[in-house]
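Taken in order, these protein sequences are the chains called A and B.
For the first sequence, position 19 (counting from the first letter as 1) is numbered 19 according to the working numbering, and the numbering increases by one without interruption.
In the working numbering, each residue carries its 1-based index in the second sequence increased by 1000.
The set of hints was computed from the structure by calculation and includes no laboratory data.
Be careful, since some hints might not be right.
As the list claims (entries may be wrong) - Ranges of calculated distance between the beta carbons of each label pair, as one might list FRET restraints:
1) A:244 - B:1263: 53 to 63 Å
2) A:358 - B:1281: 53 to 63 Å
3) B:1166 - A:367: 42 to 52 Å
We put the CB at the ideal spot given by N, CA and C, even for glycine.
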Amino acid sequence: MDRVDQFALNSQIPADTLSATRTRRQLVRAGKQSLIVLGVVALIAWFAMSVRAGLAHNGIGFDMRFLSQVAGFDISEGYAVTAHGLRRITPSDSNAQALLAGFINTIKTASVAIVLTTLLGTLVGMARISHNWIVRQLSFGFVELVRNTPMLIQLVFWYFAVVLKLPAMADASTWFGGVIASQQGIFFPGVDCAPGATLASALSLLAGLALLAGSAAHRKRRKWLLGGSLVALAVSVATGFPLMVTAPHVNGFVVTGGFSASPEFTALLIGLTVYTAAFIAEIVRGAIVALPKGQWEAAAALGLSHRAAFGDIVVPQVFRVVLPAFGNQYISLAKTTSLGIAIGFPDVFNVYGTVANQSGRSLEGVIVVMLAYLVLSWVISGSVNLLNSRLLRNGGTR
Amino acid sequence: MTGAQGLARWCRRNLFASPFDAALTLTFVPLCLWALGRLLIWSFTDAQWHAVTDNLRVFMVGTFPLDMMWRAWASVLVLALLGGATMGLVVTPPHHPPVLQVGGFLLATALGTVTPALGWTLACVTASLVGWAGMGMWPGMRKGLGFGWGVGLIGIAMLLAPAGAERWGGLLMSLLVTLLASILSVPLGVALALGRRSRFASARIICTGYIEVMRSLPLILIVYWVWIVMPLLTPDLQVPDIARGLLGFVLFFAAYVAEYVRSGLQSVPCGQVEAAASLGMSSSQISRDIVLPQATRVVMPALVGNVLDIFNTVPLLFIIGLTDFLRAGQMVLVNPQSGSRTYEIYLFMFAVYLAIASVITYGSRRLEARLAVGHR
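When you get a sec, could you build the whole thing from the sequences and use the hints?
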């Protein structure tokens, strides 16, 4: 409608009638709004009252004190957080400690899996558009197989049909000079404090690493920071390097030294990594395919080889596009760690199940666990958003 | 150019374009051939498939009572008929006299007198063909299909009810939960999507909050939570586990459906809404008659994908003690008679999951192609 027409129309209606109509409309809207709010509040109140009544019916009240009670059950792996740092969780720790240990396990699994799945997924995504027919078909088959079968069957397959079918500790062979794969777990060489470590060497190592990290972040002073880090590292080596690599050793049935991953953790990690990698691969493939063909052609016209065009032209643009989609996959991965209960991995949901069984506080516990997952999801989406905004700012306007 | 030359050129271009490509080819081709050969040799010599065939009933229906087996078969028959008819929507059926179907039914009856399982299987295949062909013969049936599914699912529930809901299991239960959850999550999802775009800030905040919280939590937690809360809400009524699990699925997947629907709604140009408003339509009329029909077209493929998502997450119902297809397999695995045949059983389960997923994906792709016709 034209502005002139509108004016003509309005001018025929007295101003006070117009404002009265408007006020009435506003009142009706406010009334509807408050009705919606009232309805939802009533629903929640009804829900809370019914739950209370139901609990009272069963002779229990709502009570969070179970958190400070002694858990009294063993958790196969996990750490208790104390004032003196981390230590192995024991049955005499409280329920809250047990849940926290489970949450730490969840975070640990999710963060390692996120790193691995990004690498694997990007690799498979690039293989999906490879010039090599066999690589293309293999990666296509991988993606279809993984995306079209339930995560749970993949998880139990990795656990029961792969990890638990590894040789027993006594027969396990050592791979790559230090990795032992057995059905009792996977053991890697680890880094430990060297016996003759001095404070000076430790400090200079830390300083060297800090400068190295700084050189990656600050482009302008990269040369100076890199040089400083080299000097600091050299000092650290000269004063007796504070760290040493320890290879795992089999002593009868026990392995000492190095990092160890339990069979449950290994299976969950492989399962999550492989499953999410298929989705990441499709995101990467989609982003590369969606890139305007002109980019490739312009690079070719400038005389760049296919690989140089890919590395210098395509990848930087693709990573700007895929990050939000990656973030969704990371959140979904973090949520999927809850399937660990199917193979007995003590993640927060599994520990909650045991706590609920032992203390009978299933309803109160669920609130704690829900909060844990909400925080995890929000932290992941928040950090991805932060990274994304930084990436966009550094990359200029697009 | 002869065939051999063409092949050589194809190989050069697709397998040996660069030294790196050649290295990849020379690594992967022998590796694949070796793995495939090992698999084939194993499946024809060492593999003992009787571990699967002996337990086929457990895989399909779990611990369903033996003497009520005909009820399970009859419900599969109904599912096959409706599934075939639905397939007729997206894959054009041929127009020819129903010789095949009649012959199939006669053969099924004949076989059924000897081996009931084989007879029933053939009858189900024939029923799906009947549904498919019927859709081509009487296109008017299209409108009644939704009604047909409603009646069919109620009929199946009534067929299976005498066995007791706690005895439902296996692939049949997986399929039923998938169907019910996919259908029931749509109305709630649409309501949430409309609420998220509502004029009222309160409705927007509530719907957005629900969707975001649901999407931040694992399904397994929602299902478990609903399972413990439901009896508190209805102390006098014993709700079966399967209904509680289903409610958890509906509440969870409604949030996802809402997001799909929202993206569909956003794809409708706002000129459509403005044009409808200028014609004097009310906002509910605009939603119902203008926006939703256009959005449906965009949303449909995503909703079919949602069905596959639901089907692939049904195994999570193990958490409340239900025996779906995967848990039935785990039950077979712990059975000492067949327990050592791990790989046969997993291979079978993967194959079944892949087969069903392929059918759904194929349907989704055809549907997408169909809906795209005449779309701007």
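Hint-by-hint comparison with the structure:
At about 55 Å, the beta-carbon gap between residue 244 of chain A and residue 1263 of chain B stays in the expected band of 53 to 63 Å. A hinted range of 53 to 63 Å for the beta carbons of residue 358 of chain A and residue 1281 of chain B is consistent with their spacing of about 60 Å. Checked against the hint of 42 to 52 Å, the pair residue 1166 of chain B and residue 367 of chain A fails, with Cβ atoms roughly 29 Å apart.
Hint 3 alone, counting from the list given before, is not met by this structure.
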